[in-house]
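Participant: Chains as they are written, first to last, in this note's numbering: chain A, 34 to 410; chain B, 26 to 405.
Hints may be right or wrong, so weigh each one.
[Claimed, not checked] With a straight-line Cα cutoff of 30 Å, these simulated DSS-like cross-link-like pairs (lysine-lysine) come out: (1) A/K396 - B/K262; (2) B/K394 - A/K397; (3) A/K397 - B/K262; (4) A/K396 - B/K394; (5) B/K264 - A/K396; (6) B/K275 - B/K39; (7) A/K401 - B/K275; (8) A/K337 - A/K221; (9) B/K264 - B/K106; (10) B/K106 - A/K397; (11) A/K255 - A/K150; (12) B/K262 - A/K401; (13) B/K106 - A/K401; (14) B/K275 - A/K396.
Hints were generated in silico from the structure; no laboratory data involved.
What you are looking at is a predicted structure, and each value in this text was computed from that prediction instead of being measured.
Chain by chain, the residues run as shown.
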Amino acid sequence: MAENEFDFSELEKRLGVNRRTFLKFCTGVAASLGLPTSAAVAMAEAVADPKKRPPVIWLHGQECTGPTEALLRSEQPSLEHLILDLISLDYHQTLDSGAGHQVEDMKKKSMHDNKGKYLLVIEGAIPEKDNGIYCKIAGETMTDLTREAAEHAAAIVAYGSCASWGGVQAASPNPTGATGAPQFLKDKTVLTIPGCPPNPANFIGSVLYFVTFGKLPPIDDKGRPKWAYGRLVHENCYRRPHFDAGRFATEFGDEGHKKGWCLYKMGCKGPETYNNCSSLEYNNIGGQVWPVGVGHPCFGCSEKGVGFNKPLFSLAEVITHTPPNMFPTIEDREDANGMTAGAAALAGVAVGAVIGATAMSAKKLDEKQSDSNTDKS
Amino acid sequence: MSQYQALGGRILTKPFMVLGLIFAISLYFMFERFVTGGMGAVSNLNGGFAWGIWVVYDVVIGTAFACGGYALAIAVYVFNKGQYHPLVRPAVLASLLGYALGGFGAFFDMGRFWQFYEIFLPWNWNFNSVMLEVGLCVAIYILVLAMEFAPALLEKLGQKKLLKSLNKVLFLFIALGILLPTMHQSSLGSLLIAMGHKVNPLWQVMHMQPLLALMTAILMGFSIVLFEASTVTVGFKRKSETHMLTGLGKIIVGLLIAFLVVRFGVLMFQGKLGLIFAGDFASFMFILENILFVIPLIILLSPERRAQGSKLLIAGVCLLLAGSLYRFDAFLLTFNPGPGYNYFPSVPEIMITLGVIAFELMAYIVIVKLLPVMHREEHA
Numbered sequence: 034m035a036e037n038e039f040d041f042s043e044l045e046k047r048l049g050v051n052r053r054t055f056l057k058f059c060t061g062v063a064a065s066l067g068l069p070t071s072a073a074v075a076m077a078e079a080v081a082d083p084k085k086r087p088p089v090i091w092l093h094g095q096e097c098t099g100p101t102e103a104l105l106r107s108e109q110p111s112l113e114h115l116i117l118d119l120i121s122l123d124y125h126q127t128l129d130s131g132a133g134h135q136v137e138d139m140k141k142k143s144m145h146d147n148k149g150k151y152l153l154v155i156e157g158a159i160p161e162k163d164n165g166i167y168c169k170i171a172g173e174t175m176t177d178l179t180r181e182a183a184e185h186a187a188a189i190v191a192y193g194s195c196a197s198w199g200g201v202q203a204a205s206p207n208p209t210g211a212t213g214a215p216q217f218l219k220d221k222t223v224l225t226i227p228g229c230p231p232n233p234a235n236f237i238g239s240v241l242y243f244v245t246f247g248k249l250p251p252i253d254d255k256g257r258p259k260w261a262y263g264r265l266v267h268e269n270c271y272r273r274p275h276f277d278a279g280r281f282a283t284e285f286g287d288e289g290h291k292k293g294w295c296l297y298k299m300g301c302k303g304p305e306t307y308n309n310c311s312s313l314e315y316n317n318i319g320g321q322v323w324p325v326g327v328g329h330p331c332f333g334c335s336e337k338g339v340g341f342n343k344p345l346f347s348l349a350e351v352i353t354h355t356p357p358n359m360f361p362t363i364e365d366r367e368d369a370n371g372m373t374a375g376a377a378a379l380a381g382v383a384v385g386a387v388i389g390a391t392a393m394s395a396k397k398l399d400e401k402q403s404d405s406n407t408d409k410s
Numbered sequence: 026m027s028q029y030q031a032l033g034g035r036i037l038t039k040p041f042m043v044l045g046l047i048f049a050i051s052l053y054f055m056f057e058r059f060v061t062g063g064m065g066a067v068s069n070l071n072g073g074f075a076w077g078i079w080v081v082y083d084v085v086i087g088t089a090f091a092c093g094g095y096a097l098a099i100a101v102y103v104f105n106k107g108q109y110h111p112l113v114r115p116a117v118l119a120s121l122l123g124y125a126l127g128g129f130g131a132f133f134d135m136g137r138f139w140q141f142y143e144i145f146l147p148w149n150w151n152f153n154s155v156m157l158e159v160g161l162c163v164a165i166y167i168l169v170l171a172m173e174f175a176p177a178l179l180e181k182l183g184q185k186k187l188l189k190s191l192n193k194v195l196f197l198f199i200a201l202g203i204l205l206p207t208m209h210q211s212s213l214g215s216l217l218i219a220m221g222h223k224v225n226p227l228w229q230v231m232h233m234q235p236l237l238a239l240m241t242a243i244l245m246g247f248s249i250v251l252f253e254a255s256t257v258t259v260g261f262k263r264k265s266e267t268h269m270l271t272g273l274g275k276i277i278v279g280l281l282i283a284f285l286v287v288r289f290g291v292l293m294f295q296g297k298l299g300l301i302f303a304g305d306f307a308s309f310m311f312i313l314e315n316i317l318f319v320i321p322l323i324i325l326l327s328p329e330r331r332a333q334g335s336k337l338l339i340a341g342v343c344l345l346l347a348g349s350l351y352r353f354d355a356f357l358l359t360f361n362p363g364p365g366y367n368y369f370p371s372v373p374e375i376m377i378t379l380g381v382i383a384f385e386l387m388a389y390i391v392i393v394k395l396l397p398v399m400h401r402e403e404h405a
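With the rest of the complex left out, here is chain B (with noise of 0.2 Å):
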């Protein structure tokens, strides 16, 4: 009997209908955005501002609330953390999910869409090109997660053979999903380095993007597997993973340690601490985005807050926000292309946008429900 057991219930519930009203709306401006009134007639990008919340969002951030599959395989798999085997499935289910509609997303903001596949042929290949690196290797990476996450898809369908010969390279592609979001991750970083003077001087840290970049991708990864083990224990009523979550906060505070010496560190060897005290719009997003950061190190600092599931939750989530406004900040909020240009998404672009992540929990619940992913419950 497998370890893994499929939720069952209903599928229809309330919450599912709102997301799916959620989604519907969102089809419509998909509808007019692709086919009948491009990409002028829904959103407000504009030459300074080539992208938007549907890469920033969906892409840049989309895929970092994606690593949760990324930062479990490198606790399991490489530090060889064998208790926190039983969050990975749901975690690369969340990752799969979350990569395949980071991927889809980064079509809205293609003007021309339907030349896509020329990134494919490797005689157009510019090998200078960090875009090429990010969507080739999130291209791979989505395969790649297909593959980890085919074993429950097999057992569901009672494919032993298959699942067998699946398992003797699984392997591999463990590996390569430790690899590959290592790469497109600090190469996110590598992007505004490309950007140059337009990125705040705050956030333009040069050589040591790739670095920050890759450190918040790990961080928001582990705190998306609190926020999704905890919604789900809170939403389909199961037993609390909070034992396992403790071990996973306390990885948390020395990550985020590390990530806020390097971040200071940086700015300080750069002489730029001046500039969190502007009192600009800048340094005002700057100090409200380290007060996010800062938040879960207080509460997970104390081991008995760190043992309790509500105030993981709220850490998780203040780390998500955190590394959410790192990255909105940098790319969009404090982005400065020149005079003149500014930047709000429009109705349409945020409905999208909103419709995809309605998608995605509607995609995980059906999936959950369906196929045996979540881990089966010890009887106490």
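Next comes chain A alone, as it looks inside the complex (with noise of 0.2 Å):
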């Protein structure tokens, strides 16, 4: 075997995948991250070798564990396999195997043993009001919990809407004074991974970043990966075309709603969500498998502000371009004039006249050339 050439013999029997797959994988992460086929092998490598698994610890909050159980069913290779073997998950309420006063020491002597080193991610809201006594775990508040946590933690990734701002428990009236991790963290630098539930590409390609380079990718002004959430879901939209051509359904099972319209005018938040599910979908089964792809407006559920706060169905604000309110007719085909005989006699007196200059030129110079001949002889 050539010396840069990695090993994945032992990967493959960790995790029940084999190389090819598993390098198809990573190279569709990278192409997503917008990284090159180079970034794909170093993410491989990363993955395959067991030293470089940074240890996790996962805190839940005030949630429905949406975010856990939208990455279970993730259909990447075998990818349950590879987001526990990729890391090594040593506390999550949700996955362990063990239970009360086990876990919580495991968890314990994790944080102490790889001080700095391991990622917390954040699942769920956390109540600050009161002392944070309404979302309590092995007796200790998440408030607590979550400022012990994230202490020593190498980077912190706030996993769902519910971690990024706090999600459907922060809707009026908030009786529990529920906040998302970077509002709570205030000091420190949150990922976020908003989405309700997130899609959990997005999750697993910033981790894989996150392994692979030591660091977290790049993030906008709200934490959130530029990769994913970089463009609105409306400009992705395959329904987009309809928008600017002014088609729109205007409730559900209307003639527009069937012909596959767009949603804008039932309360679509597209066009003020950013968020990669125009283009990735969900669930990794294709298919328009996403909330507008099945007929339902988005309802801005990665976006603060909008999600959970805007009513359901009432019109978006357009960020980019507002739908003019005139359109140039399209159907109108048989309004084109034919040729008219003014028309074409114009045009064959122009050619006409082409011809006939030039072969009153080529006339002249051949008497000018005979001229000239003369002259010399």
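Take the two lone chains, each set in its own frame, and fit them into one complex as the hints suggest.
Facilitator: Dropping the structure here:
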């Protein structure tokens, strides 16, 4: 084996995927992150190297476990294997086989042993009201647990809308004072993967980036990785041409809805929601499986101030372009005038003039040339 | 004493007045187009044919006609064929007029022409747009041509100092003058790629489009030099320049063979040769177009015919018609935007285009009479 070729045989045993499938997966992730193919190899090597696997502490706050459920049902090649073996998942309340004091001790031990090296994933909102008594795990409040775990974490990821800004718990009147991890951990950089549920591909891509390069991918002002949340849902929506041409569905089951027209007038929040649903879709099964794809307007689940905040069927604020009030007709085809006699005559005269002038000039040139020839002789 | 001379003579000759009349008629329609009526009132443009004769003739073909300066610059400055240098200045003038009016012609076809300045604001640029490339490139090239032609004006005005400093940097403009047309003339082919299946298969050769566009542009450039030098000789009763043109004829032969090899080679590799004999309108136009390409080849292949000024002119005009037809066919005649659409230019549309051509000829005549453009005739 060549020196620079990496040994994936160990990995094949560990993950139960063959080398080819695995490299394909890494290439796909690198491509969606906008990285070159060489990064895919780097990722594959990083994952294959057991020493590079970061320990992960996974905290659950106020939430429905949707993000974890979405992750488990991800249809990437043996993704649950990959995610469990790509990282060393030391503590996760939904997935731990142990329970009670045993797992809590494991968590404390791992956090102590891997000080400054572990990845902290927060799922769910953090209730701050009344000293955080509205969410307790093992007798400790979520606020304390979060602060404790964040203290020595190498990186912090808020996974899901609840962890990103509070999500549905933070909707008015917000009785528990629910808040997101970035707002709670004001002095730390928190990578957010909003969505309800978030697309697991956005999570795995960002984590793979972290494992490979040892740092978080570039993020925007809301902590979202730019590679996944850099564009509006609206920008890549396959119904966008209908928006631009002014063809809108106005209620469920009407003609436009049946024909797959734009859902903007039914309250689609795609024009003000940053996410990659329209290009990546959901569940990796293709066939337009995501809300707008199956005929429901986007409700802006991944956008703070939109999802759980604006009424479902109210019009979105269009950040980029509003459709014009008037559109030129494109159906009006018989309107084209045919060839008129005058136009045909004019075109004929123009071409004829060119040919005639050429013939005349050619004749004169010949005369001139024969003149000069006789001059010489 | 300069190598160039102004031809002098009366400006208001009979042909000049005829051209003036055509231009005056076109002014009326331009007024209707821009002020009173609008685009719908004067043109037959519709939803399927957004580009009519204004774009396809004035811009797409007009700029190829204006490639004389470009073609000669390649011959003189890249291939170091100094013997053609006397032809350069009149060719640059023709290019300047052709491009300037091509650029102006684009305005006729712009629905909201008053927003044209937006193309110069970098934050509006869409780098994936072929149109942006063409638009900006042509706009810059007009300025470059103006700089290339400026020495003629400065000589006339006697601005020796300015002329001296301009001559020091002129090589930069000459270099740009070769780079820019290479860019936008090939992009005119890319426009056809962008139009996809609307372009007839015989002309839709996808990624060979830019190469074919560039080759026809250079061919037409050399041909327009033949045409222009011949007509100037006849029109202004000057000494024949045939001895120089013969060499150009030889260059054209090589280029033309290369073009035909690429043109038919691509069709062969794409398995489209059968379409040539399909017997429909497109196949007829294809055959006509290629006959016009082959005639000059036959004429110019023989050294005796190449030495005859008249044969050179006929070959040049044939090539100009062939190149024009190549572009007309692809962009307009066999263009199919979908069922129900058809287009033939209206009288006002044609008149405006003829008016632009008339203006171009008038400007050329006036400038060569007033400014030192033509090479000083050697005394026998």
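Participant: It remains to establish, for every hint, whether it holds in the given structure.
Facilitator: Okay, the hints, checked on the actual structure:
no. : hint            : result
1   : A/K396 - B/K262 : 14 Å, holds
2   : B/K394 - A/K397 : 22 Å, holds
3   : A/K397 - B/K262 : 10 Å, holds
4   : A/K396 - B/K394 : 25 Å, holds
5   : B/K264 - A/K396 : 15 Å, holds
6   : B/K275 - B/K39  : 36 Å, violated
7   : A/K401 - B/K275 : 22 Å, holds
8   : A/K337 - A/K221 : 19 Å, holds
9   : B/K264 - B/K106 : 22 Å, holds
10  : B/K106 - A/K397 : 29 Å, holds
11  : A/K255 - A/K150 : 24 Å, holds
12  : B/K262 - A/K401 : 9 Å, holds
13  : B/K106 - A/K401 : 27 Å, holds
14  : B/K275 - A/K396 : 22 Å, holds
Violation of the numbered hints given earlier is confined to hint 6; every other hint is satisfied by the structure.
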